[in-house]
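Enquirer: Add chain B to chain A, keeping to what the hints say.
Number of protein chains: 2
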Amino acid sequence: MKVLVIGANGQIGKHLVSFIQENDKLEARAMIRDEKQAPYFKELGAEIAVVDLEDEIEAIAKAADGVDAIVFTAGSGPNTGKDKTLMIDLDAAVKTMEAAKEAKVKRYIMISSFDTTREAIQSAPESFAPYVVAKHYADEWLKSTNLDYTIIHPGLLTNDSGKNKVELATTVARGEVPREDIARVIVESLINDSTIGKEFQVVGGSTPVEEAVKSV
Amino acid sequence: MKVLVIGANGQIGKHLVSFIQENDKLEARAMIRDEKQAPYFKELGAEIAVVDLEDEIEAIAKAADGVDAIVFTAGSGPNTGKDKTLMIDLDAAVKTMEAAKEAKVKRYIMISSFDTTREAIQSAPESFAPYVVAKHYADEWLKSTNLDYTIIHPGLLTNDSGKNKVELATTVARGEVPREDIARVIVESLINDSTIGKEFQVVGGSTPVEEAVKSV
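These protein sequence lines are chains A and B, in that order.
When you line the first sequence up against the working numbering, it's residues 295 to 510, in that order.
When you line the second sequence up against the working numbering, it's residues 295 to 510, in that order.
Among the hints, a few may not be true.
Since the list gives no way to pick one copy over another, a pair counts as held whenever it fits inside one copy or between any two copies.
[Said to hold, decoys possible] EDC-like mimics (lysine to aspartate or glutamate), calculated; alpha carbons at most 20 Å apart, straight line: (1) Lys395 x Glu413; (2) Lys395 x Glu350; (3) Lys437 x Glu392; (4) Lys356 x Glu341; (5) Lys356 x Glu413; (6) Lys395 x Glu434.
Don't read these hints as lab results, they were simulated from the structure.
All values reported here derive from a predicted model rather than from experimental measurement.
Isolated chain A, as found in the complex (with noise of 0.2 Å):
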């Protein structure tokens, strides 16, 4: 199975790609917007598509030609500038979707934020509510195609080692989540078909990840 990382320069992305290539079944094609980034893929025996999220979608699809899933862990992040947050979180993000379709490509994983309902929207602070409009109707329109979706919600991210255990479930309480383990969360959906369909929360917690998607 071979996946499009999109975003995989990024902190996700980077444990992502390694956990994707030291698994038998998967194997990792890292998208990234600038060639220089490309010699830690290349040291992890990863193929490299160089494309701008900004460009059209045809590059996009392009990327994915011969794919089978697409995982979306690209972000602007909720502290750039708000024309990044449209640009990205909403739109980029709709492109690939968009992308997918074109390429053929039927499976899809997104990265999402904790909690993208109306009600996170109206409660959240003035300076993060665009934030989390932007997640909000990436994922909507996510679920709204036919693509074969998961969406995860991770809790707050941190860089800490990740312990390959969490407390994952369609609604659990808001905590931390370190960046590797919600990489393995990723790769653990994956490989595990009754995800499709589903969006669930995850943040640290005591299952191992394996049992904790398999329950999904």
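Expert: Leaving out everything else, chain B in the frame of chain A:
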């Protein structure tokens, strides 16, 4: 026919409420953010609803109670902060559509931007693209609802006096158009059900507004 004008205190909105009040078939409820904006509309004999578009859907639905149509002519404009672009041009617009459903209002007229297609997003200058993205998704959301929508795409808006003459079609060449004439186009769209399910661009031209709208 009672019409809730959202963004009544904007420059198109003020013309629109005035034209609605002059029309025997129509009456206006002006939705404004601040009670201080009320005197202009009270003088015209319009009803008033004071609601902030960043409030919850229920507050907007309450303002829409008992009306027959909603016109969305609010806008952060292309020159406000991009956070407001996300919160008003996209999210508030969608909230008013959800409010329309809750209040069982079927007719909905959106004042969009001149070109909100994917091609327009890709070719827009970097500073303008986020605004086009926000309007694009609001339009797409509207088209996915069961509302009896009309989407009006005005050319470059000016404060010139209206001429009551326009060029209006699915696509027209870029050009200027007075806000006053867009308000006239909205009024004619409200009273012509042939505009339901349609979207069209409008610039200044030589066809009387009434005739132009009927030709849609």
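Enquirer: Which hint numbers doesn't this structure obey?
Expert: Every hint satisfied by this model.
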